[in-house]
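Student: Listed below, chain by chain, are the residues.
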Amino acid sequence: MLVTLLTDFGTTDHFVASMKGVLLQRCPGATLVDITHEVAPQDLRAAAFTLLACYADFPAPAVHLVVVDPGVGSDRRALVVEAGGYRFVAPDNGVLSYVLDREPAARVFHARKEEFFRAPVSTTFHGRDVFAPLAAALAGGLDPARVGPAVRDAVRMEAIGVHREGGGLRGTVLHVDRFGNCITSFTRRELSDAAPRREVRLRVNGHEIRRIRHFFAQGREDDREPFAIWGSAGFLEIAVNRGSAARLLGVRPGDAVLALLP
Amino acid sequence: MLVTLLTDFGTTDHFVASMKGVLLQRCPGATLVDITHEVAPQDLRAAAFTLLACYADFPAPAVHLVVVDPGVGSDRRALVVEAGGYRFVAPDNGVLSYVLDREPAARVFHARKEEFFRAPVSTTFHGRDVFAPLAAALAGGLDPARVGPAVRDAVRMEAIGVHREGGGLRGTVLHVDRFGNCITSFTRRELSDAAPRREVRLRVNGHEIRRIRHFFAQGREDDREPFAIWGSAGFLEIAVNRGSAARLLGVRPGDAVLALLP
Amino acid sequence: MLVTLLTDFGTTDHFVASMKGVLLQRCPGATLVDITHEVAPQDLRAAAFTLLACYADFPAPAVHLVVVDPGVGSDRRALVVEAGGYRFVAPDNGVLSYVLDREPAARVFHARKEEFFRAPVSTTFHGRDVFAPLAAALAGGLDPARVGPAVRDAVRMEAIGVHREGGGLRGTVLHVDRFGNCITSFTRRELSDAAPRREVRLRVNGHEIRRIRHFFAQGREDDREPFAIWGSAGFLEIAVNRGSAARLLGVRPGDAVLALLP
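Protein chains in written order, with our numbering: chain A, 1 to 262; chain B, 263 to 524; chain C, 525 to 786.
Chain A with its partners taken away, still in its complex shape:
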């Protein structure tokens, strides 16, 4: 009975507390874990990436409750997903895209049976009135298929990936973390397929990154040259020793990254 929460609600207001209250009302004894509530307001890509980076670290069958919901109150659907042994509850706006890309056997349902909602359902806070009650029901053992009909056309964002461009590969900056490390969309397999046993240089925002480090503290402590490093989420990251690569290079999520193959 583990439920994680991932929202853009911040921690200053009562929103997260209201959701947790409803979860504990309907599933007493549930263990609640915050993934984050500091997603920038309505930033679906950041939420999708953060979920991708940690959902599989939790013991199955955890319920992952994701509420970044600019369309609250409109007719966008509420989704329940079963994937990889986990359950997910989220609005149908693409926020589960990266998980669905990684879990091709996922089953997706349109949660429309109001018996699983809180009554009355407000038009402005489905986190409390729709998504938290669904998560509580799933944590209590509800079969995902019972919430409503199967969905084959869930809203999807562009998949994480890289593309051939000239003699290299073009990817993007997926995320900038708290330390200023820039997580790119390059995975080990793509780069090693393209350049087996060879050095790769990266170009981002007019800067060139020439070195791959094995760990952060490698090299001299006063060395301020940015470098690439294989990050813990499985993607190539651009970093700088004891500083913010994002600030140093002026990089933001969505920026293009070119891998120049030798």
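Careful, some of the hints might be misleading.
Claimed, not checked - Far from chain B, some chain A residues (derived; all Cβ distances over 10 Å): (1) K113; (2) E114; (3) A159.
To be verified - Okay, the calculated bits of chain B under chain C, using three or more residues with CB under 8 Å as the criterion: (4) 263-273; (5) 292-305; (6) 361-373; (7) 419-433.
In short, the hints are calculated from the structure, not lab data. The beta-carbon is built from N, C-alpha and C at its ideal position, and this holds for glycine as well.
Starting from the structure of chain A, add chains B and C where the hints point.
Tutor: Okay, now just chains B and C, sitting in the frame of chain A:
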């Protein structure tokens, strides 16, 4: 054995951790839920509003532990309140006012029996030494009446409300949330009593709000005209599509809002 | 099975969630309590102070998991410590110094048996791959001595203390808290040994502090003169009524504080 915590201690220092340690020392197995620790330092109104907005979402008999305490160490009283099936622990400085306004059958006690405190009691951190131990005792089943004598003159803030003014109603901005939505003191009943079946216009900080929306994403996505909407806490809110109404209109908590009746 | 977490990971990214997922994978039913994740990136002193200020408030045998780790991936050791009835897991970089100063009977071990790690161990996220698995094992009852050999040369920071200087004592500002209070390294014993029954004046950053208050709200509410006060962590603090002493006096952690004895 559910205890919620609401403070202005922030999450950078050890204060909240110390309180949780004491709670778990004295009530092993308690479930601890943060409401927020990001109340602006000593902002009693923000704390009172946040508590009001979510206390009833938790399963009774949760203990709500509220520590916003500019008078720590002085002779301000510590209160224990039983209301609506819940228990509340807080300093006697008005922070429970809105709950007391809503729960007329509340019983209020002056917690002065030192046997329920941690010894010795510091003069600067009653959250750890007085309030957390009281909350732990209540979570463990202590009868609120046992902490000390009944209180009939608890400190109260001005009640949330609206007043007749000319041909309209005058309310205030209670709170600005993370998204910049401005929560006003107008409730549905007050407005429908004053203007049944009629459109209402709001005036705030020199701006006029002419429309009430049913949900946030209603209307065109590029429409930047502020609108009113019935919020999830039961109050009329002023919002703007995908932006901060507070920033757009220059509105702060405490600002006056006029409802112009047709 | 209580595990506390203290990191510089912030709460925006997935890092803390990944650690909690691993903890709950390996120690189902563990109670997880955040001390803080808002330590400034790689600020070992702030982390060490925050841990010192609250570790003993938790019920033994809690496991305190501390990850502020600029040397991640290098050959810095992972430590497991048994002290004061608690267990600690942290990188060997000094972050446990203040606890070790206070607990002379501590036993320190070099955690190098990979059977207690997650496989494979990344080079960039030992919080998830090394420290959280160790904490989970300890919470599950593992004898600290089983993780690897005893260590007698753990990295230590300069101890908290004060030194004779001229006719007074010289200490430092250990920490500035959320309210702007400046926690100094002076303890009650040192000052009372040096100046029994006598008034002490402090000098910091060119300002002189002439009064010691018993509690924050003592004196007139509009009095903006900074004062000293015995703080809840056992150190003398410099504060100002309803304001930030750090901002008023321009004080930062590490600044010198002189106690002028009469």
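Student: So which hints don't hold here, by number, going up?
Tutor: 6 and 7
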